[in-house]
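Chains as they are written, first to last, in my numbering: chain L, 1 to 269; chain W, 1 to 341.
Heads up, some of the hints might be wrong.
To spell it out: a stretch of chain L is covered by chain W in this simulated footprint if at least three of its residues, at any positions, have a beta carbon under 8 Å from a beta carbon of chain W; those stretches are [to be verified]:
no., region
1, 35-48
2, 82-91
3, 109-121
4, 196-207
Subject to a maximum C-alpha distance of 27 Å in a straight line, what follows is the list of computed DSS-like cross-link-like pairs (lysine-lysine) [stated by the list, open to error]:
no., chain 1, residue 1, chain 2, residue 2
5, L, LYS102, L, LYS35
6, W, LYS140, L, LYS37
7, L, LYS102, W, LYS140
Since the hints were derived computationally from the structure, they do not count as laboratory data. None of these values were measured; they are calculated from a predicted model. The beta carbon of each residue, even a glycine, is placed where N, CA and C say it ideally should be.
Here is how the chains run, residue by residue.
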Amino acid sequence: MTVTTLRDAVALTDRPTRPSALGTTLTFGWRALLKIKHVPEQLFDVLVSPVIFTLMFTYLFGGALAGSTQAYVQFLLPGILVQTILFVTIYTGYTLNNDISKGVFDRFRSLPIWRPSPVVGALLGDTVRYTIASVITIALGLLLGFRPEGGLAGVVLGVLLLLVFAFALSWTFIILGLLVRSPNAVMGISMLVLMPLTFASNVFVDPATMPSGLRAFVEVNPVTHLVTAERSLMAGSPDTSAILWVLVASVVLTAVLGPIAMRIYRTKT
Amino acid sequence: MTDSPAVEARGLVKHFTSRKSVTKAVDGIDLSIGEGSVFGLLGPNGAGKTTVVRMLATLLRPDAGTASVLGHDVVHDADAVRSAVGLTGQYASVDEDLTGTENLIMLARLYGFAPAAARRRVQGLLEAFDLADAGSRQVKTYSGGMHRRIDLAASLVLAPRVLFLDEPTTGLDPRSRNQVWDIVRVLVDDGATVLLTTQYLDEADQLADRIAVVDHGRTIAEGTSSDLKRSVGEGAVHLRVAEVTDRTRAAEITERVLGTEVTYDSDPHAIAARVPDDGADAVPRLLPALTEAGISVPEFTLGQPSLDEVFLALTGQPVPDDEEPAPEHGTRSRETTEVPR
Numbered sequence: 001m002t003v004t005t006l007r008d009a010v011a012l013t014d015r016p017t018r019p020s021a022l023g024t025t026l027t028f029g030w031r032a033l034l035k036i037k038h039v040p041e042q043l044f045d046v047l048v049s050p051v052i053f054t055l056m057f058t059y060l061f062g063g064a065l066a067g068s069t070q071a072y073v074q075f076l077l078p079g080i081l082v083q084t085i086l087f088v089t090i091y092t093g094y095t096l097n098n099d100i101s102k103g104v105f106d107r108f109r110s111l112p113i114w115r116p117s118p119v120v121g122a123l124l125g126d127t128v129r130y131t132i133a134s135v136i137t138i139a140l141g142l143l144l145g146f147r148p149e150g151g152l153a154g155v156v157l158g159v160l161l162l163l164v165f166a167f168a169l170s171w172t173f174i175i176l177g178l179l180v181r182s183p184n185a186v187m188g189i190s191m192l193v194l195m196p197l198t199f200a201s202n203v204f205v206d207p208a209t210m211p212s213g214l215r216a217f218v219e220v221n222p223v224t225h226l227v228t229a230e231r232s233l234m235a236g237s238p239d240t241s242a243i244l245w246v247l248v249a250s251v252v253l254t255a256v257l258g259p260i261a262m263r264i265y266r267t268k269t
Numbered sequence: 001m002t003d004s005p006a007v008e009a010r011g012l013v014k015h016f017t018s019r020k021s022v023t024k025a026v027d028g029i030d031l032s033i034g035e036g037s038v039f040g041l042l043g044p045n046g047a048g049k050t051t052v053v054r055m056l057a058t059l060l061r062p063d064a065g066t067a068s069v070l071g072h073d074v075v076h077d078a079d080a081v082r083s084a085v086g087l088t089g090q091y092a093s094v095d096e097d098l099t100g101t102e103n104l105i106m107l108a109r110l111y112g113f114a115p116a117a118a119r120r121r122v123q124g125l126l127e128a129f130d131l132a133d134a135g136s137r138q139v140k141t142y143s144g145g146m147h148r149r150i151d152l153a154a155s156l157v158l159a160p161r162v163l164f165l166d167e168p169t170t171g172l173d174p175r176s177r178n179q180v181w182d183i184v185r186v187l188v189d190d191g192a193t194v195l196l197t198t199q200y201l202d203e204a205d206q207l208a209d210r211i212a213v214v215d216h217g218r219t220i221a222e223g224t225s226s227d228l229k230r231s232v233g234e235g236a237v238h239l240r241v242a243e244v245t246d247r248t249r250a251a252e253i254t255e256r257v258l259g260t261e262v263t264y265d266s267d268p269h270a271i272a273a274r275v276p277d278d279g280a281d282a283v284p285r286l287l288p289a290l291t292e293a294g295i296s297v298p299e300f301t302l303g304q305p306s307l308d309e310v311f312l313a314l315t316g317q318p319v320p321d322d323e324e325p326a327p328e329h330g331t332r333s334r335e336t337t338e339v340p341r
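Next up, chain W with everything else stripped away, as it sits in the complex (with noise of 0.2 Å):
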């Protein structure tokens, strides 16, 4: 039991047809995620991610391939696979218009529960998530950050042994972000299999043991967050220039310097170069060489590389634009969020 792994997919094709095309929601993935080891699908909006997810959860059934959480089988096994696995996300929220409690102990009683455990069980897990107060409110009054937890809180009703968290932190503010965090971890020590997607790298990099980038439905690079990242050079400089005009020239010294080619912000103050393997010593060195040029940079930053970063390292083209939003759910509206530097 220990070696195979908790989850597995062979293959995993999902087209969905409309009337004018055919999108590739996802064009052939393959996954193994170790039992008791977290795994981060990395990828921006439209990249297969959810679709991935939403198969894995039984609630899609795949064009083509096959996948097994515990060793059910996804389609032909699905009650066994609803039984062992937690799914919290974009989707498979709880109902607003009912109270935080009321949505646990549905749930609980839908789990099978008798009346007076379930009660137990779901006061256990408010407080846990600090939401004994708000028990009694609609979660429609609920912050981000509470709707998260209660989310979290109603896939972990019935333990599972695997966790599906898709995009458990978008638009939640940092404190919220590191809460949901804090509680991941707690439940990996505990043993819990953990898929994350997410669309940004710090999370992965955070909180998972193996990352897959996916784009176009496909795996693009797969390996520990120290593979990725270093197929992606150190990092990257980020600086501002106090005058516009400066910019051209801060650019060719930057080029000289470092060695590597630099991008234009959209921002006309800005520029980005991305750190090449061999480049760390260099850093140092180009503050000066711009003061020496006279150009005064009231901004300079070194910081880890960005999913931008990452993808144009991976694919040499910048995060696509939602050009295609896949229809991974009806009518819903996704929020399109910033990439964190």
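Next up, chain L with everything else stripped away, as it sits in the complex (with noise of 0.2 Å):
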């Protein structure tokens, strides 16, 4: 290191115009995926958990809720799929709460750019992720005996329709991943609340024979209405109350939560 380089190295004679919101926000979707390339092992849960959990349902509830492997895979595979993108999610909040309990985050704050594009680019690079566990998930089905009727237009409206949803409810965990104190209580309290709303849905089975009181959690639990619409795109006959449900649901959240995720954002001490 000499005076000379360091100085020539720092002196600035063409200063940039500031970027776009969709530029900056573009570049921080690019350091989402180069996180995914250099740290792996944060694909693990979203390869694995689709598979296990295909696997596990199919054989071991098949045979005596269907009365085949073939068709309760036929039923469970939108519901499955909902399930895996959904747990997904919580890695939004996660990323976001070591990025400020590493300091990073703090960086990106004292940077003169459009204020949400940290959040709205890593948003966008999670979608690369609810993609790949998309794909995984549907292409295990495929081999296990789910036949869409809905053909390849029902697969991929419903990709589409389900990652719509994920990035809204993903403000929930990234309010979650602004206030909590560690990446770990971030998971914790995530699947806390996710666990029940995915279980006590429709993802596994039918609700008509549940008790009343479940059966009225059931029906109005968002998972509900959102395994319906899925399972109705890829049958190829599109429910589209649940559809316009899920929709409405999905501005309302971004409406509502995304406003005080950078609220939160612009505040934190």
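Two chains, two separate frames, one set of hints: put the complex together.
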């Protein structure tokens, strides 16, 4: 290190112009992809949990619940896809919390950029993770005998709808990531919320046989609406009211939680 | 432009409220840093130094008071401040999962450099900071000194006119520390304004034109480094006696010869004494006096006053032992560092 090289390296004649909100957001999306490249372990859960869940439930309950594993996987797969993606959204809060405790977050907040871009960019990067998890789950389903009547179009539309909802739901975990003390606490709390939501739903069984109290909960559970919409799309007979419900819920979640999250982000001490 | 200060703060206050108590992290601090100068904020852990920097860098909103950087208000004109300031510290780190190059490219892109310009800028910085070979490695594999250099490089991507360095050398070995100091000197030579926080008097002494000593969120002394040292006396004598039983006698002789009070170290062989303002002539007489009394003194040093001694002199109390670490940052534990003698 010599004084002249240091001087030359630091000197800046052409100052760049301030980048657009889209530009900085995409840069943060690129960062999320780089993190997947450097820390592939983080994909382990994404890859392994859908495989385990799908295999376990199909072979454990398939015969008893639907007469055959073939018939059950037909019912189960859209549901297990929803469960898988919802669990993956937790990582959004986990990564954000990690950034805060490592000090990276403050570096970003000290930059002259569109304030939400680190968060929105991370969410964009996360959609890559959701897509990978979706592809794996569906591919495994196809191997096990899942035959969606809706064809490729139905499956793709189903995944897209799920991505929209996952993006909206992630704001919950962003808020959690901003408020909770450690990355592991984010994981713990999120699991505690998501477990009952995904199990007390129509993911695994038809709620018709449930006791009335539980059935009432299942029917208002947002996961149930989402699973209904997914099943209908993949079966090729779209349930417009369920789909509309999911879209409206996504808009409301983003419109309400997004600004709250950004407010906490700005005033975070 | 040249006669108005680069960084100015009036009556800055930040209190952190937790369930049980209110921590007055910063309790009314005034600052005025001239353009092109280095200002040192000196104080122990939890004194409020980091909180001051975080407010000036727009990361924290002051509860009261005003502050501006290059004439831009840190609250109302935050984006202009962010464009002007480079930040390096215990916080404001780089992403350890990414490589050094990726980190800097990302920042360059965020500042608006086009891809090719970003690569050129980053390559130059990596070479200048002796990191060209390490550029393709993840930052988590870097040594402490390399990590601090990449942090510094990250804060210089936009060639800021004002640089905030929060404890830039805490935890570094002497060689890495000297490298950081050399970098800071070059930047200042080129006209940058630097606000430096440190726990080390000698660091402030080496780099800063003016120093403010802070404790419990308040400035307790301010001036040039020679002003401060004069307030503490010429320096301090540290000695170790060979026999523990001789310590009390050695202390008596030292008090008599130097005419100053002696402090007892936790080491049962050691004592320390501040050299009073007019006592420089007495120091050479101390060692013969001890030898005459038959006390063997294997170690005898005359040194600059340490931060402990500055504190003792300014507050009448030793450096607080982190009794109440300010909640300056979430969950991160802060390394505690020995104050060098």
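Structure-based check of all given hints:
1. 35-48: Held - the region 35-48 of chain L has 3 residues with a Cβ nearer than 8 Å to chain W, which meets the minimum of three.
2. 82-91: Contact hint for the region 82-91 of chain L vs chain W: violated, 0 residues under 8 Å.
3. 109-121: With 5 residues close enough to chain W, the hint holds.
4. 196-207: Our answer is that it is violated, as 0 residues pass the Cβ test (under 8 Å) against chain W, missing three.
5. L:LYS102 - L:LYS35: Answer holds: L:LYS102 to L:LYS35 is near 15 Å, not above 27 Å.
6. W:LYS140 - L:LYS37: holds (15 Å)
7. L:LYS102 - W:LYS140: Given pair L:LYS102, W:LYS140 holds - Cα atoms ~11 Å apart, limit 27 Å.
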